[in-house]
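Can you build the whole structure from these sequences, using the hints too?
Residues per chain, in single letters:
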Amino acid sequence: MSAAQLPTRRDEAWKYSDLRAAVGAEAVGLREAPDVIERLAPRTDVLNLARGETRVVVERLDAETGVEAIAQDWRVAEGAALVRVVLQTGAAIGLSLARVELAAGARLQQFVLAEGGKLARVETHIVAGEGAEVELNGVYMCAAGRHADLTSIITHADPNGATRQLIKGVVRKGGRGVFQGKIVVAPRAQKTDARQYHHGMLLEDGAEIFAKPELMIHADDVQCAHGNTAGGLDESALFYMRARGVPEATARALLIEAFLLEAIPSDLPGEAREEIESRIRAWLAEARA
Amino acid sequence: MFEVKDLRVNVGGAEIIKGLNLAVPAGETHAIMGPNGSGKSTLAYALSGRDGYEVIQGAATLAGEDLLALEPEARAAKGLFLSFQYPVEIPGLSVIAFLKAALNAQRQARGLEPMPAPELLKLMRAKAASLKIDPEMLKRPLNVGFSGGEKKRFEALQMAVLEPRFAILDETDSGLDIDALKIVAENVNALRAPDRAMLVITHYQRLLDYIRPDKVHVLAKGRIVASGGPDLALELEREGYDKYLRAA
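First to last, the protein sequences are chains A and B.
End of the first sequence sits at 289 in the numbering used here; the numbers just go up one at a time, nothing left out.
End of the second sequence sits at 248 in the numbering used here; the numbers just go up one at a time, nothing left out.
Rather than coming from a laboratory, the hints here were simulated on the basis of the structure.
There are no misleading hints in this set.
With beta-carbon atoms standing in for the labels, derived distance ranges: (1) 274(A) to 234(B): 54 to 62 Å; (2) 114(B) to 8(A): 51 to 59 Å; (3) 289(A) to 51(B): 19 to 27 Å; (4) 195(A) to 137(B): 23 to 31 Å; (5) 218(A) to 179(B): 49 to 57 Å; (6) 114(B) to 4(A): 53 to 61 Å; (7) 210(A) to 68(B): 39 to 47 Å; (8) 289(A) to 115(B): 24 to 32 Å; (9) 137(B) to 13(A): 39 to 47 Å; (10) 114(B) to 48(A): 49 to 57 Å; (11) 235(A) to 68(B): 16 to 24 Å.
Glycine included, C-beta positions come from ideal geometry on N, C-alpha and C.
Structure, rendered in structure tokens:
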């Protein structure tokens with residue numbers, strides 16, 4: 001296979017992230033595999049969680065040059081819980097694909113922090129069994145020249161599952177944020193309770209956010225809600241803070257920080273949470289400078 | 001202490017405040033009453049420096065210092081406080097974090113060290129207790145999901161912690177039931193001091209039963225058209241604003 005077989009923007013799943021153009025002349029080897037990112041990854045790791053097991057993993061995409069790609073197949077057995085934190089920070093092409101199979105009563109808590117790269121995409125495909133719980137939050141923050149893409153497909157295959165998804169992002173001039181989130185509720189997945197929210201903030205003129213939320217509901221006794229917004233900073237909140245004495249630049253930073261921190265689950269392991277928060281603060285400090 | 005001279009304010013190209021004069025001496029509390037659309041909130045926003053409220057003429061000084069040339073945050077640091085008619089929800093920022101940022105920014109602007117965190121927390125808890133605010137609420141995001149009455153209590157809390165020299169209370173009574181109104185009024189009254197002045201903006205007399213003003217001004221069509229003692233508020237409650245609207 002050659003790079004010419006990578007998707008272009010004509011491919012629906014990649015219409016906001018032009019992978020072929022980004023990879024361009026990079027010397028990459030491609031494997032035969034069902035998913036695009038998998039073809040670029042050196043291997044596909046198969047990872048199993050035993051019944052009732054809890055595991056916390058932190059993955060890093062931090063390469064500054066070339067193409068860095070990770071592909072994983074997770075099988076999470078009955079009642080097991082996977083806590084997955086993905087930190088994408090490198091300026092290069094950073095790609096992560098995880099396919100996660102949740103057995104009955106299994107749980108996935110995922111949090112992605114993406115600073116974007118030449119092209120960065122964190123893609124998650126989940127198939128949730130009976131009563132499985134999915135929490136799929138994330139934050140993207142893109143400076144000039146950075147492109148971050150959070151893509152997910154959650155399929156509730158069996159009854160009584162739940163999804164909570166909250167993605168927040170901020171983008172500066174010349175940066176691009178992408179959110180594609182699909183939730184599929186299969187005909188037999190009655191009593192599914194799914195909520196998906198994406199809120200993007202354009203910090204400057206010339207920032208771009210593309211969002212494609214999709215709910216495909218094939219069962220009739222379900223609760224599904226979704227919300228999607230993209231806009232600027234709340235000017236009334238900004239004035240409120242300034243009227244209390246907080247200088248404009250500090251007020252902006254505090255409001256953006258508060259906006260982003262809302263997406264971080266309070267029960268995320270302390271170390272991961274601290275690293276995420278400090279990365280967000282560092283990014284905002286740089287944005288202020 | 002606080003003086004406004006011949007103030008004219010445009011909003012969206014229309015003149016809303018049309019030559020307003022006002023003086024509130026130190027130690028006094030004045031009330032501005034007026035019908036809807038008379039310019040009450042415009043006055044409050046223009047004095048605190050909100051974008052879109054364009055001062056085209058006039059002056060506003062606090063203790064002799066010009067306010068109108070300053071950014072909103074600098075006005076606050078000089079001691080100006082606006083209690084908002086509609087306090088803004090700040091998702092993700094706790095009451096504690098918000099007040100800490102505000103107080104320490106003001107202290108920094110005045111050349112003071114930040115207040116140590118334990119001292120600040122103690123101060124907030126004490127002020128919250130006197131406003132009958134559950135201390136647990138201090139950890140919640142500011143105003144998010146608060147009732148109208150709770151929001152007004154938190155405005156009073158912020159005022160008590162920030163200790164401004166001049167406070168403008170814009171329709172503080174709206175959204176408050178009678179018990180909450182009494183509590184908020186008690187706390188506002190507790191802040192009365194010889195070196196502090198207040199301006200209470202209200203539509204109704206009710207609030208003035210609890211925060212007794214030294215003077216009452218009637219605002220109609222962008223100007224103060226009458227001034228008097230507390231009895232003026234009672235007269236307005238009885239007879240309405242018609243007389244003043246016709247004269248304005």
